[in-house]
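Protein chains: 4
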Amino acid sequence: MLSFESDYTEGAHEAILEAFAATNREQLPGYGADRYTLSAIEKIRAACGCPDASVTLLTGGTQTNALVISALLKSYEGVVSADTGHVFCHEAGAIEYTGHKVLTVPGHNGKMEADELRALIEGFYADENHEHMVFPGMVYISYPTEYGTIYSKAELAKIYAVCRSYEIPLYIDGARLGYGLMSPEADLTLPELASLCDVFYIGGTKVGALCGEAVVFPRGNAPAHFVTTVKQHGALCAKGRLAGIQFDVLFTDDLYFRISRHAIEMAQRLKAVFEKKGYRFHLDSPTNQQFIVLENAKMKELGEHVRFSFWEPADETHTVVRFATSWATEPGAIDELERLL
Amino acid sequence: MLSFESDYTEGAHEAILEAFAATNREQLPGYGADRYTLSAIEKIRAACGCPDASVTLLTGGTQTNALVISALLKSYEGVVSADTGHVFCHEAGAIEYTGHKVLTVPGHNGKMEADELRALIEGFYADENHEHMVFPGMVYISYPTEYGTIYSKAELAKIYAVCRSYEIPLYIDGARLGYGLMSPEADLTLPELASLCDVFYIGGTKVGALCGEAVVFPRGNAPAHFVTTVKQHGALCAKGRLAGIQFDVLFTDDLYFRISRHAIEMAQRLKAVFEKKGYRFHLDSPTNQQFIVLENAKMKELGEHVRFSFWEPADETHTVVRFATSWATEPGAIDELERLL
Amino acid sequence: MLSFESDYTEGAHEAILEAFAATNREQLPGYGADRYTLSAIEKIRAACGCPDASVTLLTGGTQTNALVISALLKSYEGVVSADTGHVFCHEAGAIEYTGHKVLTVPGHNGKMEADELRALIEGFYADENHEHMVFPGMVYISYPTEYGTIYSKAELAKIYAVCRSYEIPLYIDGARLGYGLMSPEADLTLPELASLCDVFYIGGTKVGALCGEAVVFPRGNAPAHFVTTVKQHGALCAKGRLAGIQFDVLFTDDLYFRISRHAIEMAQRLKAVFEKKGYRFHLDSPTNQQFIVLENAKMKELGEHVRFSFWEPADETHTVVRFATSWATEPGAIDELERLL
Amino acid sequence: MLSFESDYTEGAHEAILEAFAATNREQLPGYGADRYTLSAIEKIRAACGCPDASVTLLTGGTQTNALVISALLKSYEGVVSADTGHVFCHEAGAIEYTGHKVLTVPGHNGKMEADELRALIEGFYADENHEHMVFPGMVYISYPTEYGTIYSKAELAKIYAVCRSYEIPLYIDGARLGYGLMSPEADLTLPELASLCDVFYIGGTKVGALCGEAVVFPRGNAPAHFVTTVKQHGALCAKGRLAGIQFDVLFTDDLYFRISRHAIEMAQRLKAVFEKKGYRFHLDSPTNQQFIVLENAKMKELGEHVRFSFWEPADETHTVVRFATSWATEPGAIDELERLL
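The listed protein sequences correspond, in order, to chains L, W, C and P. According to our numbering, numbering within the first sequence proceeds without interruption in unit steps and concludes at 341. According to our numbering, numbering within the second sequence proceeds without interruption in unit steps and concludes at 1341. According to our numbering, numbering within the third sequence proceeds without interruption in unit steps and concludes at 2341. According to our numbering, numbering within the fourth sequence proceeds without interruption in unit steps and concludes at 3341.
Treat the hints with care, as some may be off.
What the hints assert, rightly or not - Here chain W is said to cover these stretches of chain P; the calculated rule only asks that three of the stretch's residues, wherever they fall, bring their Cβ under 8 Å from a Cβ of chain W: (1) 3071-3080; (2) 3094-3103; (3) 3130-3136.
Claimed, not checked - A few chain C residues that don't get close to chain L, going by computed Cβ distances all over 12 Å: (4) GLU2077; (5) LYS2101; (6) GLU2336.
Unchecked claim - Over 12 Å on every C-beta distance to chain W, these chain C residues come out as not near it, computed from the model: (7) ALA2021; (8) ALA2071; (9) THR2098; (10) GLU2131; (11) GLU2155; (12) GLU2192; (13) SER2195; (14) ARG2219; (15) ALA2224; (16) PHE2226; (17) VAL2230; (18) HIS2233; (19) ALA2297; (20) HIS2318; (21) LEU2341.
Hints are computed from structural coordinates only; laboratory data are not their basis. Values in this document were obtained by computation on a predicted structure and should not be read as measured data. Even for Gly, the Cβ is constructed at its ideal location relative to N, Cα and C.
Please model the entire structure based on the sequences and the hints provided.
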């Protein structure tokens, strides 16, 4: 059955599988000391324009978020997120499990506003009882957000300015980073993004890899003994080659960006199809996730021929659903969808 | 360079890579709901003789140990391990990070003795101040152990009897399970092992997979909402197919056992070579890890032609080193080693 | 200077100090095994009408909240609180430090509504992705609330019915329990309250003790080995007599209730004074905390002669402040306040 | 019945009870901002010869240990203790509950040896896999130890030199600090002790207070926002006066030292009595805890007339028991004991 259920329904880009096969019997050291991991790190540094970056390859998004956030926070600090942020809603309490509260500011189509962030931090310090409360110790945003929206360079710079004025780090969850950067509405390059935060990750799982997220501390600013913390969280793979080879392939000849752009082109075609057919959008997403408002009977009927994700109820008789494209979406699938609508 | 450094130096068994390729464009649901994971679970249940087993696929050993142990312990309990156990020594405090103490009994060539385990638990309850101490809440052993040794069926049964008499679970770390079960000295089958513990894992990372460990609760006795705990620990892969396909292949036509047996045959040839050449063994290991005592100058000389692992100092002038075979060891490598010795 | 700053500005009821002196040289066993603690427990059981209650004496409110909540929750669960609840706002992340998220429903003058609680839990289970989210594992309310308001018996029964229908415990923070029960608007007795929850605590620190909170599991339903958990949290006092003597005195001849009633009488006189002088109340509190809206210049002027607490800004030119009475408030203080207003 | 069971069987020094009474109706700010706490802090600074010391008053020893240790360690670090240390054995896993491992060196009559500490740390850094292990991040010793023994100034200086060479803090648990410093064998003053560590606490609970431990960071080197961490651990008392008044009294006119010296004098008389009667000592303790080896039948017989603590079995027919004196021991009690022996 036709499926736009998510951007992780297929395996990996074929170039990755080929690299697995080609290198399979090479005897390599474990835990990320292999030459493919080292090569991947160099290529990621180059792509970010950050020759001194500390780069660590992990295997999943929740793992990465819990690890980075707990490694950066002091025990009396929490992380500030939009109230729609993945770390607040959909990670089974993984952040709290590490002992930290997630503080929230309102999400606006998934995005945090710098002014509201500043107001939260100012309000905290203005409260004479703030020593009885959780300190805002870092800021978490995602690019693109859970709603497919992206920050403009100016918006990001403004958020980062707030962080710097309070000397707290800004962390960008890039589970779908490629799909954000390759959006026609993006006015940011990867090096610019790297210069406007303290740590971010380049998502692989949703962008062509079987698994893998690359954590980047752009200015070599990883916490001391980060590898030990990775081990302690159960996130250190014995066969570091697993993520190493994948990122080495993804960052060879811009593959990561090329397949991301493909997903965006597919999303734009999909968007055009829905528009042409007169469907209503829940919000205007410039990336690979499109949120459509369906009348409930229509949703049920359509669901018999194509898979998509339930997102949230819109009103009594309508539902917001998500259609996602990815690096693996074939043009024919959009044509088929058009026939179905 | 010739290498016996560890059992995770190569990629994956080629049948796994082929299965990745063959299934790559199938659109599958995430988080372990795909048909390959479901098939792997059925095959693992069959291999264990446990039709009701709860089986969860994870990606690494430390992750698995921290997850299983913290999911089974109450907050006031600790896990009992041999003092040579992996969870006590080499996991960067991953168990303590979840809030639990590792209690120890002496390791005898890596193995725990049932009598000493019973003495520890009896001593705990006999102490009138035991409510001020950490309760022994479960027992951790590994099969094979960190020293390559294995428990006999009688030894395991005796340990399990202690656990049952105190109603605490027994957990078996099977990072190298295949290499234990396929040892000529093993008097245990997988179904027998499954019947003599409350939870164990079947290690994939060191036995033919790129990554992956299969946690088995043999009698459907997984903790409630275990998947949520997996997510909370950052151990839930979006692309469950990654581990699912691997275990599905490994448990098709006994591949897991066949490649394990191969590793053992290679280890026995390697052992014979060392014996013939008059080398001294640190202990008598019946599995894929062999521990040799080398004179330090010899160690240095040999190290220029073959890779092995430093284990521990033996005395002022000698060192214990480890040579490991694996599913990927080629017979020619043993021949070459013989020429070098 | 005249002070209505809080209900913990004085030491202890004099009967407590006398009991300290009278028993001082008695040699008593430690950790709560002394006869005063045992006597206090019996008296508390009697006062609650719960002959089988498990009663544990602790020293502070945050300590008690963190301990009870973490002892009752499974790792994948969080506690549901009103968004104005003390555990959500003012405990420096003590709950999250134990690894658990605080889930929120809207506070209405400090109170949770049963329907909104039910909607949150129903919504959780209706979400097909709920296994990726924090389970609502218990409910926290305070009586009286942080805003001095109290639940009616019907309201409490309705909340408890929701909890029972989902088999999750209801916990009542009674830091100021006496001030709630002795309010003329209270339609609940202590035994009734005990029958409408699974655990609560009787606050001593704010009601006549130097320190001390009595945790009551009304039906002997304390978690196994609770004393070990108390010790693990650093909450077990070597000299259990400290809390034991205090609660023994407070629950002799209804002292706890008599001094609570006194505080309420003082609060009602204070309220009448503010009303007479035409001041505006932020909300209608029937207990010992009164929230007054002051014009900012007036607030500054008044602050030179009497101490009260800043609560929150009301608007650009007004502020909500809190005046608290207590067991120790002298009638003359109200008279003096009247002259100042 | 005559009792030498522990040093916390009585209430508080009478001067403390008098101060409670004299100050009882003073309206004081909460959370340690009251004038008695501030005065106590000044007096403690003076007694320690540390005008810049950060001093925080807490209520119990396990609470203090867990708080100080977790506040000083990074997540990948553990605390090194003698294997007889209180934090390793008798705190119900309170340290591990905060996420940290307790690493051990052998205890010699309760004491750690500097050379063995250095060997452990050197061994750690020499291990090429140390990034997979818990970093030794601080050192814990007690003065006096759990066995009543004390470090000489030279021994302490040597341990501290090891700590400084690795830039890890040294923490001294002074639950019975006065009883150590007032021992005739002590060659250390309080200012000297303060100069030979990074943090220590002055135990009140066992030395004349109802409860209370004063944590001292001698050079103002408390972790940032330590009060928030105290709150987060549930260790911040609303009525800071409880500990404040007690320490203010204890550090007025050297009361703490005078009552400690009294306990030591009583211990020396008790020791002389046992020696005269031909009893055997388990070890030579110069402080208030004396460890006697009793023949089991004798132990039972004696136990009918005097209370003491079981310590540990000595052999098949003998047991080590502990007799403790304290600030509250009356000379007549020793006379009575002599008659019983």
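Against the structure, the hints come out as follows:
A stretch counts as covered by a chain when three or more of its residues have a beta carbon under 8 Å from one of that chain; for the segment 3071-3080 of chain P and chain W the count is 3, and the coverage holds. For the segment 3094-3103 of chain P, the stated coverage by chain W is satisfied: 7 residues place a CB nearer than 8 Å to a CB of that chain, which reaches the threshold of 3. Coverage of the segment 3130-3136 of chain P by chain W holds. Counting CB-CB distances below 8 Å, 4 residues qualify, and the rule asks for three or more. At the 12 Å boundary, the C-beta of GLU2077 (chain C) falls inside the reach of chain L, the nearest C-beta of that chain being 8 Å off.
For LYS2101 (chain C), the non-interface assignment is contradicted: its Cβ lies about 4 Å from the closest Cβ of chain L, within the 12 Å cut-off. Distance check on GLU2336 (chain C): its Cβ is at least 25 Å (rounded) from any Cβ of chain L, clearing the 12 Å threshold; non-interface status holds. Here ALA2021 (chain C) stays apart from chain W, with its beta-carbon at least about 30 Å from theirs, past the 12 Å limit. For ALA2071 (chain C), the requirement that its beta carbon stay farther than 12 Å from each beta carbon of chain W is not met, with the minimum near 7 Å.
Distance to chain W contradicts THR2098 (chain C) as a non-interface residue, since its nearest Cβ pair spans about 9 Å, not more than 12 Å. GLU2131 (chain C), annotated as away from the interface, has a beta carbon of chain W within 12 Å; the closest lies near 5 Å. Every CB of chain W lies more than 12 Å from the CB of GLU2155 (chain C), the least distance being 30 Å, so the non-interface label holds. Every CB of chain W is more than 12 Å from the CB of GLU2192 (chain C) (nearest about 32 Å), matching its label as outside the interface.
Separation of SER2195 (chain C) from chain W is adequate, the least Cβ-Cβ distance of about 28 Å exceeding the 12 Å criterion. Consistency note on ARG2219 (chain C): stated as away from chain W, and its beta-carbon is indeed over 12 Å from all of that chain's, at 20 Å minimum. The beta carbon of ALA2224 (chain C) sits about 7 Å from the closest Cβ of chain W, which is not more than 12 Å, so the claim that it is off the interface is violated. Distance check on PHE2226 (chain C): its Cβ comes as close as 9 Å (rounded) to a Cβ of chain W, failing to clear the 12 Å threshold; non-interface status is violated.
Chain W draws VAL2230 (chain C) into its interface by the beta-carbon criterion, the shortest separation being 9 Å against a cut-off of 12 Å. Against the 12 Å criterion, HIS2233 (chain C) falls within the reach of chain W, whose nearest CB is about 9 Å from its own CB. With a closest Cβ-Cβ approach of about 52 Å to chain W, ALA2297 (chain C) is found to remain outside the 12 Å limit, as its non-interface label requires. Distance check on HIS2318 (chain C): its Cβ is at least 44 Å (rounded) from any Cβ of chain W, clearing the 12 Å threshold; non-interface status holds.
Remark: the non-interface label on LEU2341 (chain C) is consistent with the geometry, its nearest Cβ contact in chain W lying 51 Å away (cut-off 12 Å).
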